[in-house]
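Residue numbers (our numbering), protein chains in the order written: chain A, 1 to 206; chain B, 1 to 645; chain C, 1 to 248.
To be clear, the hints were calculated from the coordinates, so they are not data collected in a lab. Please read all numbers here as calculations on a predicted model, not as lab measurements. All residues carry an ideal CB built from backbone N, CA and C; glycine is no exception. Incorrect hints may have been included.
[Claimed, not checked] According to the in silico footprint, chain C covers these stretches of chain A (three or more CB under 8 angstroms from chain C):
#1 103-117
#2 168-174
[What the hints assert, rightly or not] Some chain C residues judged to face chain A by a derived CB distance under 7 angstroms, without partners named:
#3 Gly72
#4 Arg103
#5 Pro170
#6 Glu208
#7 Gly212
#8 Asn216
#9 Ala219
#10 Ala234
#11 Val246
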Amino acid sequence: MGLTGLFLIFFLVVHASINGCIWFNDGGKTFLYYAHFMGTNFLVHIAEVGLFAGLILHIVDGLLLWKQNRDARPEKYAYSNANANSKWYSRSMGILGTLILFFLIVHLRNFWGPNRLNQISTGEELNLFQLMQEDFSNVWMVLFYVAACFSLFWHLLHGFKSAFQSLGLNNVKYNKAIEIAGTAFAIIVPLVFALMPISFYFGWVK
Amino acid sequence: MSELNSKIPEGPLADKWNNYKEHAKLVNPANKRKLEVIVVGTGLAGAAAAASLAELGYQVKAFCFQDSPRRAHSIAAQGGINAAKNYKNDGDSVFRLFYDTIKGGDFRAREANVYRLATESRNIIDQCVAQGVPFAREYGGLLDNRSFGGSQVSRTFYARGQTGQQLLLGAYGALERQIGLGNVKMYSRHEMVEVVTIEGKARGIIARNLISGELERFFGHAVILASGGYGNVFFLSTNAMGSNVTAAWKAHKKGAYFANPCYTQIHPTCIPVTGDYQSKLTLMSESLRNDGRVWVPKTKEDAKAIREGKKTAVDIKEEDRDYYLERKYPSFGNLCPRDIASRAAKEACDDGRGIVPSGLGVFLDFADAIKRLGVEVVKARYGELFPMYQNITNEDPLKTPMKIYPAVHYVMGGLWVDYELMTTVTGLYCLGEANFSDHGANRLGASALMQGLADGYFVIPYTIGNYLSSEIFTKAIPTDHPAFAEAEKEAKERAEKLIGVKGKKTVDDFHKELGKIMWEYCGMARTAEGLTKARTLIQDLRKEFWSNVNIPGSLDEFNPEFDKAGRVADFIELGELMVIDALNRNESCGGHFRSEYQDAGEAKRDDEKYAYVAAWEHKAVNADPVLHKEELIYENIKLQVRSYK
Amino acid sequence: MKFNLKVWRQKNAKAQGKLVDYTIDNINADMSFLEMVDVLNDNLTRKGEDPIAFDHDCREGICGMCSMYISGRAHGPHHAATTCQLYMRSFKDGDTIYVEPFRAGAFPIVKDLVTDRSAFDRIIAKGGFVSVNTGQAQDANNLPVDKADAEKAMDAAACIGCGACVAACPNSAAMLFVSAKISQLALLPQGGPERNNRAINMVNQMDEEGFGNCTNIGACEAECPKEIKLTNIARMNREYLVASLVNE
Chain A
1 MGLTGLFLIF
11 FLVVHASING
21 CIWFNDGGKT
31 FLYYAHFMGT
41 NFLVHIAEVG
51 LFAGLILHIV
61 DGLLLWKQNR
71 DARPEKYAYS
81 NANANSKWYS
91 RSMGILGTLI
101 LFFLIVHLRN
111 FWGPNRLNQI
121 STGEELNLFQ
131 LMQEDFSNVW
141 MVLFYVAACF
151 SLFWHLLHGF
161 KSAFQSLGLN
171 NVKYNKAIEI
181 AGTAFAIIVP
191 LVFALMPISF
201 YFGWVK
Chain B
1 MSELNSKIPE
11 GPLADKWNNY
21 KEHAKLVNPA
31 NKRKLEVIVV
41 GTGLAGAAAA
51 ASLAELGYQV
61 KAFCFQDSPR
71 RAHSIAAQGG
81 INAAKNYKND
91 GDSVFRLFYD
101 TIKGGDFRAR
111 EANVYRLATE
121 SRNIIDQCVA
131 QGVPFAREYG
141 GLLDNRSFGG
151 SQVSRTFYAR
161 GQTGQQLLLG
171 AYGALERQIG
181 LGNVKMYSRH
191 EMVEVVTIEG
201 KARGIIARNL
211 ISGELERFFG
221 HAVILASGGY
231 GNVFFLSTNA
241 MGSNVTAAWK
251 AHKKGAYFAN
261 PCYTQIHPTC
271 IPVTGDYQSK
281 LTLMSESLRN
291 DGRVWVPKTK
301 EDAKAIREGK
311 KTAVDIKEED
321 RDYYLERKYP
331 SFGNLCPRDI
341 ASRAAKEACD
351 DGRGIVPSGL
361 GVFLDFADAI
371 KRLGVEVVKA
381 RYGELFPMYQ
391 NITNEDPLKT
401 PMKIYPAVHY
411 VMGGLWVDYE
421 LMTTVTGLYC
431 LGEANFSDHG
441 ANRLGASALM
451 QGLADGYFVI
461 PYTIGNYLSS
471 EIFTKAIPTD
481 HPAFAEAEKE
491 AKERAEKLIG
501 VKGKKTVDDF
511 HKELGKIMWE
521 YCGMARTAEG
531 LTKARTLIQD
541 LRKEFWSNVN
551 IPGSLDEFNP
561 EFDKAGRVAD
571 FIELGELMVI
581 DALNRNESCG
591 GHFRSEYQDA
601 GEAKRDDEKY
611 AYVAAWEHKA
621 VNADPVLHKE
631 ELIYENIKLQ
641 VRSYK
Chain C
1 MKFNLKVWRQ
11 KNAKAQGKLV
21 DYTIDNINAD
31 MSFLEMVDVL
41 NDNLTRKGED
51 PIAFDHDCRE
61 GICGMCSMYI
71 SGRAHGPHHA
81 ATTCQLYMRS
91 FKDGDTIYVE
101 PFRAGAFPIV
111 KDLVTDRSAF
121 DRIIAKGGFV
131 SVNTGQAQDA
141 NNLPVDKADA
151 EKAMDAAACI
161 GCGACVAACP
171 NSAAMLFVSA
181 KISQLALLPQ
191 GGPERNNRAI
201 NMVNQMDEEG
211 FGNCTNIGAC
221 EAECPKEIKL
231 TNIARMNREY
241 LVASLVNE
């Protein structure tokens, strides 16, 4: 879980930086330059396979965990005050993950899927910048994306430092730093993602 | 008179144990595999014995009434464990530890046993460190020591305030290792209810499976009891709720003599009783007396005002306070031995100067220490103790003095054993607090852990071989042997009788009643008159118990009330024996104080008439027990009056 | 004080259990929680009803036997305390208090609030020790130990094996318990020679017993009466990873 989680976190960094290029506000020129690189480079294609493998592993692993953990307590407590000892989002990684997965399906259907299909059928890439502009003119779509970013925020808030804990990569001396980095990451990355549809919707990016 | 053979080896004191070990008979490894040993109890002594014997190759069966061997009450020991390592270069030696222990015990312990204990103390520390017990260390990485009551050297090894826990977990780990290897079969939630003897030798036990209620039979070529002390005969004590005398008592009724049952250690610094609902007493470490000053008001009026809540400690001016330990024992002051501090508290309260509503409590005041050292130093020094006190009493000892009162803590008496730790029943051994052997009439702090582990790790593995070497031709006896059937029948009939009473009073009603009698007449101060009265009261209580106790539930289920009833039945019988023993001992020594025998409040020993171990033989529940004496012969030290003035 | 109790009653391992309501009055604020249950049991016994079975022994917070899930929390609302160290003054007059056993598949119920925690013993039997037979030890001071390490080992060794970590964990994971022992012995030189086997064998046994997996929620640390830290779990994970990589 931790290993695949960290791998996906790495992907988020890449994804956020490239998409962040829209704020050059050059009509998507810089963005499309990198998007073209990502869409056509041979090595990136291999990495893409790895990414899907990582994602699937993360999901399968999560489902297995969920099942084992549920089975470990066949008879539930009649009354439990879990908020007294832990955070709700740390107990809700499965649900948050499922929400994110649901979002991902829609997200891939919007961008990655059509683009790849077009590439295969015509050999040409779609103008992803244009595609974004179109999609994010719809207020419901924007709200949907923002909501998904909240899921991602909570998922990361627990997941980031949890990954280090699971891999045994922590140490009293650095725990505070890991926690701060994790919180900062959990805020910044979803915020960056959420600002994209918002920026298009309000026309900050043209 | 001395028909008891203590089997003390020949030779000078310092050579006895080596002589013994060098000449004890051995069992070869192939034969060890065929020999089965039963160990009852998994505290320090029991777990250490079971693990060590299994390591040697014996087939061991271990029993405990708790849900896991790790729960035994050894775990609650706080302070530390003594060992004559002389790591502090302060002049400690085996002889000094031996001497301190004998003197602390008021010259009522067997020389050879205590010397062996002092010798083995050093091996215990080595063994425990090797097991990974996290003892306190100095910055150089070597072991740290602290000092404890009754000695002038630093020889106490400790693991914060949880030394007993850490030592027990070490022994428990060793035991679990042997369980994992298949050398020990562990029976938890099993309580021994009978010893099985065949042709005069202990050959097994009957144990009650506490979950199913079934009586089960177990064979052993030898049986070891390490079932702890019987302080709960007083109902309220610092012992665990389940601590009981049952295993030792059943052995006693099967022929094992019971030695010095009246020697009881009353610990001076416990939290006072607050109400009838109270189930147990909590010990505050003896170390608090290093900085705490014990006092009561000088006048009864002030004490009364405090009891009624009209005044508090701060309202009593310095000159109106009686720091009675400092007044009476100027050289040792607040750090005098446990028995002396306890009796002094009782005297003050008997005088009407107790400071808690029940009248039974004195102050332990840290105000001076706080003034001298500052709050932070005092807080750091006593770590968890202050919060623990505050949690229980809801009072902050940094602001208002602690209230303390003595409580039953440990018993020096137990089954009589010879030098090999064998009882008067052949093949039946007794270790740890359950036996009487090493502490005389009073135990020094940090010595209980030492004795339990010495018995279990380093004594029994040698001495049991000396016996089992002659048992190698005895095949395992099938448990359908008539002796097993007979013992099981006895246990069954007794249980059925008990649950069949269906009376009106609860088990605890009787236990509390017994506790009150014991505390009143056989507690900190005893008189012939009171003891005589107590005996009648206990006999009456016993009769009422067997005709009016109410035990809910049935015998074929998990029934803690029934388990408790069985233990209380045995406590009642033991209580009578304690009273008989206390009545017999017309002297005051250590944990036995007879008001008739004193010099202005100080215990007056009678070495001429009472320098013996009183070992009692059971005849019948209604008959007087028979006294057997083991004379205590001191060849290496001179008997003297214990003075802490 | 007066309380409404909802207590889990279950005749034996196989029977169906349920919450039963009791009302108890005249409770002193200075009573411990277990003494309150003593009073309730006394009342039940006198009425001819079956008293509530519960585990308890030392009643001073060290034996690890007491194990109640009180008002939705392992060992009740107090921080760093066992059930026996909980006092009635922590509740308000008239409160409704839920009392349930520690629940986990690996801790089957014996009766009422009593559970079978022998899974912990079986885990320890797989490696929670240093394999040194009696009499094999060298002189204790021949093996210096860094004071800081000794302190950390002691922090971990303070575990009383009560199972509150399992009870509090939404996943019924036993990682805090297992990691405390692995950490103690990993921090000390004595534990060195067996560390790889210890980590693998104890973790495997833990999984075999049917405990859940750690998802780093932290409820165990929050409810541990001895304040065992989550860092122990990280250390165990590290030990286990390294051992998995190097063990043949």
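Results of checking the hints against the structure:
Taking a C-beta to C-beta cut-off of 8 angstroms, the region 103-117 of chain A contributes 0 residues in contact with chain C, too few for the three needed, and the coverage statement is violated. Look at the region 168-174 of chain A against chain C: 5 of its residues bring a Cβ nearer than 8 angstroms to a Cβ of that chain, three or more, so the hint holds. For C:Gly72, the interface hint holds, the least distance from its beta-carbon to any beta-carbon of chain A being 3 angstroms, beneath 7 angstroms. Checking C:Arg103 against chain A by beta carbon gives a least distance of about 6 angstroms; that is within 7 angstroms, so the hint holds.
Taking 7 angstroms as the C-beta contact cut-off toward chain A, the hint placing C:Pro170 at the interface holds, the least distance being around 5 angstroms. Look at C:Glu208: its Cβ only gets to about 12 angstroms from chain A, farther than 7 angstroms, so that hint breaks. Annotation: C:Gly212 was flagged as interfacial toward chain A, and the flag holds, the nearest CB pair being 3 angstroms apart, inside 7 angstroms. Evaluation of the C:Asn216 hint against chain A yields a held restraint, the C-beta minimum of about 4 angstroms falling below 7 angstroms.
Interface restraint check for C:Ala219: the shortest CB-CB distance to chain A comes to about 4 angstroms, inside 7 angstroms, so the restraint holds. Annotation: interface hint on C:Ala234 holds; nearest CB of chain A at approximately 5 angstroms, less than 7 angstroms. Checking C:Val246 against chain A: minimum C-beta separation of about 14 angstroms lies over 7 angstroms; hint violated.
Consistency with the previously given hints fails for numbers 1, 6 and 11, ordered from lowest to highest.
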